[in-house]
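Residue numbers (the numbering used here), protein chains in the order written: chain A, 1 to 206; chain B, 1 to 206; chain C, 1 to 206; chain D, 1 to 206.
Calculated directly from the structure, the hints in this document are not laboratory data. One or more of the hints may lead you astray.
Given that identical chains are not distinguished, each listed pair holds provided it fits within a single copy or across any two copies.
As the list claims (entries may be wrong) - Below, a list of computed lysine to aspartate or glutamate pairs in the EDC-like style, where the Cα atoms sit at most 16 Å apart: (1) Lys76 - Glu18; (2) Lys86 - Glu153; (3) Lys76 - Asp89; (4) Lys202 - Asp89.
There are 4 protein chains.
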Amino acid sequence: MTRNNEKNNVWMTTKRIETLVDGIFAIAMTLIVLSIDLPVINGQVTDPVIWQYISNLSQQLFIYAFSFILLASFWKAHHQQFFFIKRFDSNLIWLNVIWLMFIALVPFSTNFVSTYGSHLPAMLFFNLNMLFIGIFYILNWTYIYRKNYFIKEISFEQLNMMRKMNLVLPITALIAIVITFISPTLSPFSYFLIFILKRSFKRGLI
Amino acid sequence: MTRNNEKNNVWMTTKRIETLVDGIFAIAMTLIVLSIDLPVINGQVTDPVIWQYISNLSQQLFIYAFSFILLASFWKAHHQQFFFIKRFDSNLIWLNVIWLMFIALVPFSTNFVSTYGSHLPAMLFFNLNMLFIGIFYILNWTYIYRKNYFIKEISFEQLNMMRKMNLVLPITALIAIVITFISPTLSPFSYFLIFILKRSFKRGLI
Amino acid sequence: MTRNNEKNNVWMTTKRIETLVDGIFAIAMTLIVLSIDLPVINGQVTDPVIWQYISNLSQQLFIYAFSFILLASFWKAHHQQFFFIKRFDSNLIWLNVIWLMFIALVPFSTNFVSTYGSHLPAMLFFNLNMLFIGIFYILNWTYIYRKNYFIKEISFEQLNMMRKMNLVLPITALIAIVITFISPTLSPFSYFLIFILKRSFKRGLI
Amino acid sequence: MTRNNEKNNVWMTTKRIETLVDGIFAIAMTLIVLSIDLPVINGQVTDPVIWQYISNLSQQLFIYAFSFILLASFWKAHHQQFFFIKRFDSNLIWLNVIWLMFIALVPFSTNFVSTYGSHLPAMLFFNLNMLFIGIFYILNWTYIYRKNYFIKEISFEQLNMMRKMNLVLPITALIAIVITFISPTLSPFSYFLIFILKRSFKRGLI
Numbered sequence: 001m002t003r004n005n006e007k008n009n010v011w012m013t014t015k016r017i018e019t020l021v022d023g024i025f026a027i028a029m030t031l032i033v034l035s036i037d038l039p040v041i042n043g044q045v046t047d048p049v050i051w052q053y054i055s056n057l058s059q060q061l062f063i064y065a066f067s068f069i070l071l072a073s074f075w076k077a078h079h080q081q082f083f084f085i086k087r088f089d090s091n092l093i094w095l096n097v098i099w100l101m102f103i104a105l106v107p108f109s110t111n112f113v114s115t116y117g118s119h120l121p122a123m124l125f126f127n128l129n130m131l132f133i134g135i136f137y138i139l140n141w142t143y144i145y146r147k148n149y150f151i152k153e154i155s156f157e158q159l160n161m162m163r164k165m166n167l168v169l170p171i172t173a174l175i176a177i178v179i180t181f182i183s184p185t186l187s188p189f190s191y192f193l194i195f196i197l198k199r200s201f202k203r204g205l206i
Numbered sequence: 001m002t003r004n005n006e007k008n009n010v011w012m013t014t015k016r017i018e019t020l021v022d023g024i025f026a027i028a029m030t031l032i033v034l035s036i037d038l039p040v041i042n043g044q045v046t047d048p049v050i051w052q053y054i055s056n057l058s059q060q061l062f063i064y065a066f067s068f069i070l071l072a073s074f075w076k077a078h079h080q081q082f083f084f085i086k087r088f089d090s091n092l093i094w095l096n097v098i099w100l101m102f103i104a105l106v107p108f109s110t111n112f113v114s115t116y117g118s119h120l121p122a123m124l125f126f127n128l129n130m131l132f133i134g135i136f137y138i139l140n141w142t143y144i145y146r147k148n149y150f151i152k153e154i155s156f157e158q159l160n161m162m163r164k165m166n167l168v169l170p171i172t173a174l175i176a177i178v179i180t181f182i183s184p185t186l187s188p189f190s191y192f193l194i195f196i197l198k199r200s201f202k203r204g205l206i
Numbered sequence: 001m002t003r004n005n006e007k008n009n010v011w012m013t014t015k016r017i018e019t020l021v022d023g024i025f026a027i028a029m030t031l032i033v034l035s036i037d038l039p040v041i042n043g044q045v046t047d048p049v050i051w052q053y054i055s056n057l058s059q060q061l062f063i064y065a066f067s068f069i070l071l072a073s074f075w076k077a078h079h080q081q082f083f084f085i086k087r088f089d090s091n092l093i094w095l096n097v098i099w100l101m102f103i104a105l106v107p108f109s110t111n112f113v114s115t116y117g118s119h120l121p122a123m124l125f126f127n128l129n130m131l132f133i134g135i136f137y138i139l140n141w142t143y144i145y146r147k148n149y150f151i152k153e154i155s156f157e158q159l160n161m162m163r164k165m166n167l168v169l170p171i172t173a174l175i176a177i178v179i180t181f182i183s184p185t186l187s188p189f190s191y192f193l194i195f196i197l198k199r200s201f202k203r204g205l206i
Numbered sequence: 001m002t003r004n005n006e007k008n009n010v011w012m013t014t015k016r017i018e019t020l021v022d023g024i025f026a027i028a029m030t031l032i033v034l035s036i037d038l039p040v041i042n043g044q045v046t047d048p049v050i051w052q053y054i055s056n057l058s059q060q061l062f063i064y065a066f067s068f069i070l071l072a073s074f075w076k077a078h079h080q081q082f083f084f085i086k087r088f089d090s091n092l093i094w095l096n097v098i099w100l101m102f103i104a105l106v107p108f109s110t111n112f113v114s115t116y117g118s119h120l121p122a123m124l125f126f127n128l129n130m131l132f133i134g135i136f137y138i139l140n141w142t143y144i145y146r147k148n149y150f151i152k153e154i155s156f157e158q159l160n161m162m163r164k165m166n167l168v169l170p171i172t173a174l175i176a177i178v179i180t181f182i183s184p185t186l187s188p189f190s191y192f193l194i195f196i197l198k199r200s201f202k203r204g205l206i
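Given only the sequences and the hints, what does the whole structure look like? Please build it.
Below, the structure is given as structure tokens:
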């Protein structure tokens with residue numbers, strides 16, 4: 001069974017799935033710009049009315065920048081992981097596809113939060129989206145590790161570092177979920193922890 | 001004529017059409033997220049109103065996940081097929097383009113079903129879209145087979161397996177079409193047969 | 001001056017512009033699906049109402065398929081051309097960018113015609129878009145030819161064939177423009193001439 | 001610390017970030033077409049009404065062409081820069097991501113200006129978007145220069161030329177911002193300076 005399976009899988013290369021991953025990230029990162037609404041101005045269009053709109057825009061621009069940078073950090077982590085993979089199989093493709101499904105959902109979640117972000121359910125939806133991205137990334141990593149698909153050149157320190165790094169997003173998402181119940185508007189700020197935690201891990205502080 | 005044609009076709013490589021295929025899949029898979037409607041709330045926006053919206057959202061999220069995974073499975077099958085192709089010609093490009101035309105239609109079909117999915121005509125439209133994807137995939141395969149464009153290294157078992165696999169989608173789409181006339185809402189579930197049938201074929205059960 | 005220019009242009013490879021071209025084509029081909037309008041049904045949603053909508057949909061689906069196949073044929077021609085190019089310069093990039101600008105305009109033209117296609121101005125806009133795509137493609141080709149950027153291996157017959165082929169689109173677009181003034185609805189059918197003319201050229205009938 | 005960092009960064013290649021950059025540019029350049037509004041015609045649809053719409057369309061088409069060409073010029077500059085880079089690190093990825101964030105914002109800015117372009121605040125928003133693209137490009141370049149990441153083969157003249165070229169966009173954006181306060185409608189024309197200035201630099205006139 002396994003041998004037969006292997007024979008059927010010779011066509012699978014990491015390059016293939018990478019093209020799809022890069023494409024979906026590029027599109028998702030560009031589509032979130034659609035979450036910024038163009039003002040629909042009823043009545044006379046005057047400069048003060050547009051200024052008023054621009055000042056209201058600040059929250060939407062913040063959420064745009066925020067989602068863009070989060071997606072970029074997931075893309076970066078994925079590329080780092082793929083550099084160390086020597087093999088691929090059908091199950092791993094499906095784990096990646098489900099992970100991508102939650103990545104491609106981010107433009108909707110961002111739009112949702114961009115419009116109703118001060119309300120608990122919208123923010124909770126966004127944070128759960130992040131949590132599932134984190135969980136499927138860990139499942140991905142665990143599968144590669146268990147199946148011994150990492151290249152031999154990878155060191156124990158690198159594996160250990162990656163294991164720690166993978167925990168950062170789900171932990172942060174869980175903290176964000178807890179904060180959502182206290183203050184939905186404040187909850188996105190908890191994602192800044194990602195950068196603080198990653199930096200601390202790299203410097204060996206934690 | 002054939003020789004002249006061959007000379008004119010030296011520029012055609014599978015790599016070229018692959019880039020277009022990967023691009024269209026990445027975009028179609030990301031565009032279906034637009035089929036999930038952001039709530040337009042008239043009157044006061046309160047948490048219970050948004051909760052209500054999220055609970056109504058479940059059907060749209062199911063259809064999103066469903067279309068995403070179907071598209072991913074078509075992409076996977078296409079890549080597997082292309083791994084075994086040694087040559088390409090103008091007719092094959094056009095067969096691929098028409099196939100891609102039905103792939104790129106999926107975000108519309110998904111949106112249609114996402115909005116009017118409980119109604120027979122919308123679900124029928126979606127299922128016919130899937131049927132045409134399946135039919136053009138078979139035409140594609142048959143053309144490659146007849147023209148002897150598969151690489152020599154491909155075994156009889158692999159060809160046989162691919163022939164069986166290619167039948168899975170059209171059969172499932174036909175079953176879904178029949179079920180649509182009984183219950184439109186239940187018809188998408190018939191696509192789970194794809195995974196059951198493919199697994200059975202691989203294990204040699206059928 | 002020329003030498004200095006050449007030295008500054010070593011970084012330019014056809015691969016680079018190809019990635020952008022492939023990306024823009026994949027996106028434009030997928031975006032035209034947005035020209036198909038989802039029905040906005042006021043009043044009760046019943047099966048007969050949706051059937052009515054689907055029968056009205058036929059024109060929009062025809063225009064979708066039509067634009068998709070036209071774009072695919074431009075993409076194919078571009079790839080064929082690039083296979084024979086050995087060098088590239090800054091002017092050529094700009095000629096390509098302007099050509100791409102008219103390619104990326106196709107989803108709008110398609111949407112315009114899809115909504116107001118029975119009216120002369122909308123159809124004229126679409127046909128002018130096609131005419132400009134054809135003109136800039138010829139300018140592109142002429143520049144490459146004059147600057148001697150084609151590979152040595154290209155034969156006189158191939159150059160001659162390409163020169164003839166390049167005339168097909170502008171001629172067809174001009175015919176379509178004339179027909180628009182007689183019957184806007186019939187004018188898109190003139191593009192079927194593209195395939196008839198190309199086939200005749202290939203077989204040496206014209 | 002630095003050595004450890006280097007070891008962790010072996011997986012970073014310029015090819016990776018290039019795929020993302022090319023993808024985001026292709027999508028942003030194609031999405032700006034959505035800034036051209038399809039006419040919503042209330043009352044009877046007649047040819048004169050559509051002609052009227054097309055004549056009003058000229059400003060939106062100008063802004064579309066204008067943004068498309070600006071984005072193409074940024075893409076070209078980025079590719080030129082990357083040709084000369086031999087190494088990459090995590091900070092440089094983040095500088096690129098923030099730069100891309102302002103690139104991906106261009107479809108929104110274009111849409112804003114396309115709808116409210118005769119008003120100061122909309123035009124100012126667009127010009128500030130351009131200014132930030134220019135500033136982050138310079139930060140990018142400066143970082144590469146300071147860290148000695150350029151290839152050895154790069155000449156002093158080339159470095160000097162690139163340094164001058166990088167100043168063109170921010171200077172032009174600043175001029176456009178000043179002009180916005182005098183006449184918002186005229187301000188985009190100042191970007192033609194980009195092509196005049198670049199040509200002058202290349203010919204050594206300035």
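Tested hints:
For a Cα distance limit of 16 Å, the shortest separation of Lys76 from Glu18 qualifies both inside one copy, at 12 Å, and across copies, at 13 Å. Proximity of Lys86 to Glu153 under the C-alpha cut-off of 16 Å is restricted to the intra-copy arrangement: shortest distance 10 Å within a copy versus 23 Å between copies. With identical chains, the CA atoms of Lys76 and Asp89 are at most 16 Å apart between copies only, with a shortest distance of 11 Å across copies and 22 Å within one. Taking CA atoms no more than 16 Å apart as the test, Lys202 paired with Asp89 passes between copies only; the shortest distance there is 14 Å, against 31 Å inside one copy.
This entry satisfies every hint, going by the numbered hints stated previously.
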